[in-house]
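In order, the protein sequence lines correspond to chains L and Y. For reference, each letter of the first sequence is one residue, going 20 to 354 in the working numbering. For reference, each letter of the second sequence is one residue, going 20 to 354 in the working numbering.
Each hint can be trusted.
Note that the list lumps identical chains together, so a pair holds whenever it fits in one copy or between two copies.
Derived lysine-lysine pairs resembling PhoX-like cross-links, with alpha carbons at most 25 angstroms apart:
hint : residue 1 : residue 2
1    : Lys73     : Lys263
2    : Lys161    : Lys61
3    : Lys188    : Lys261
4    : Lys61     : Lys261
5    : Lys61     : Lys263
6    : Lys188    : Lys61
7    : Lys161    : Lys91
8    : Lys61     : Lys43
Worth flagging that the hints you see were computed from the coordinates, not collected in a lab.
2 protein chains.
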Amino acid sequence: MSFSFFSKLRSSKQQLALIRDDLKRVREEMAAQVGHFAPYVKAYMGEICQTRGKMIRPGLALITAAATGGVKDSHVRFAALLELVHIATLVHDDVLDHAEIRRDRPTPNALWGNELAVLLGDSLLSHAMMMGADLGDISFCKRLSRAVRDVCQGEIEQSTRLFDLEMTKADYFELIQKKTAALFAVAMGGAAYLSGLDEELVASLDRMGSLLGVAYQVYDDVLDMVGSEGAAGKTLHTDAEKGKITLPVLFLLESEHEGVSTEVRDALEHREEVNYARLSHTKAFQEAISRSVDEGLARTEEAREALWLLPLSPARESLTEMTYRLDELMRECCC
Amino acid sequence: MSFSFFSKLRSSKQQLALIRDDLKRVREEMAAQVGHFAPYVKAYMGEICQTRGKMIRPGLALITAAATGGVKDSHVRFAALLELVHIATLVHDDVLDHAEIRRDRPTPNALWGNELAVLLGDSLLSHAMMMGADLGDISFCKRLSRAVRDVCQGEIEQSTRLFDLEMTKADYFELIQKKTAALFAVAMGGAAYLSGLDEELVASLDRMGSLLGVAYQVYDDVLDMVGSEGAAGKTLHTDAEKGKITLPVLFLLESEHEGVSTEVRDALEHREEVNYARLSHTKAFQEAISRSVDEGLARTEEAREALWLLPLSPARESLTEMTYRLDELMRECCC
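Make a model of the complete structure from these sequences and hints.
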């Protein structure tokens, strides 16, 4: 994911302006939360929370808030909480991947070792749950803790099913639903819940977040296979290296162009990296990408429908435009 | 801590009988919770949750429940949740310590690697928080999430203050309050809360759990320095090796027997292991142990006072006897 993915999703300056001040408040809230940790923990948390991420989850929560009655203080705290949960998962991911750099900064494990990084991730996660309990009611807490658990389980499923040729498309969608979409869903559904919306509307926005999360992950998986590193702003082809069975891989495996599907299957069976760069000019590859993109586009279309229940507003428009922008980004992968 | 520490704390068979059936129900509940994880996560969780621990936190919750109106289903689920939180911290501890064996079984990191072990710990922790939200109200969730955060922060403080000669006794007590006593406190206070007790009684039992947790940790720290491995049932002198500044170390550092205090200070300054076995026959060492034990005894005495508010019952008696048994164990360290 590029650093500016969220800005990429915002098709106009106006949309950015819509929540720019609120995003600033979220960053201030994150800094304030750092102050609530114990003396010997604060300095580390301060450093960790300086990571300037894409703030996509807080952004989604804020735009949803704006579209459902306006951004309240509770939304700002909720948005900060979401980013802390996301940062906690990144801190643990970096330990697992032995990553030394993230967004041009040394990772916590590189700075202070794995031991402290694991504990800091745990602390951040439990602090975020505490913020959740301070913020909402019991139903809100359930929503939040379930989403966090889903993210963790999705990560486990991913790491245990590398090179797994038994994987089906249904498995893939279930996996990314947990790994990525659960937090998108709670960002939008949770924000709507804090706005006091009725059950049907909350469920509808939760569903929109979920669909957007799935589409976003499909895009990310397609980009890893076709993108140029410069444009994507990150290292690509890492999924192939690790043996992740993503959606385009699944389409390649069922391709009618037998030479290609056999080559991919053989490589995965031997737990070897598939050379997608070499395959990229084949018809099978192009079909696999375009079918994957179609799956993504079907989700964003459904996501737009979930918005119909909301009253028309600049924020609702902004959410709609965001889905169209994601469509554009996905379609660019087919060229 | 020995495998049978909790049985050690129970001075008679009757006390064990008091909650034996309920502890069995807790184990069944833990097994049932395993079934709630995603298909690809279940098998790992099943393996992890087979660890037969001391069940000290569930035991405290159950005895508290028995002393405050009787053990309800919610208490059993709460007790299971507490053990899952505890197991999650052990899973992460084993990753950090590169431990391969715990209680005669291979650790998750030894079985499946660090990556999966970190994620499984995260999953267990967030699942436990979800169970908490399903179990109680918002005040209960706050209590629980704060305790879990305190445990994580205590661990961080410990790992960042190894060989730290700036450490004071106040720092030490604050650290173990978080690392160990927070979960003991929530075990007793949370169980009382689920029994529907009034605020004063809940606070009183929370305080008792906290005092018991502090005394327990003091005992554990003293035992690490004086115990024989056979009797303790675990590897000892690991605190010295790691450079942990525990209570007896702090008393040694302020000892009037200057030869000893200087030797300890010098070793810690050079980040070297102090040879406590060699010092163990000095007057300074014996004083440090007995002063530490006195601090522990002061806590158990205060813990007993917290019980006065409860109506007399076999379960209340059992809690009282438990504190006396801990006194005995601490005094044995002075011989």
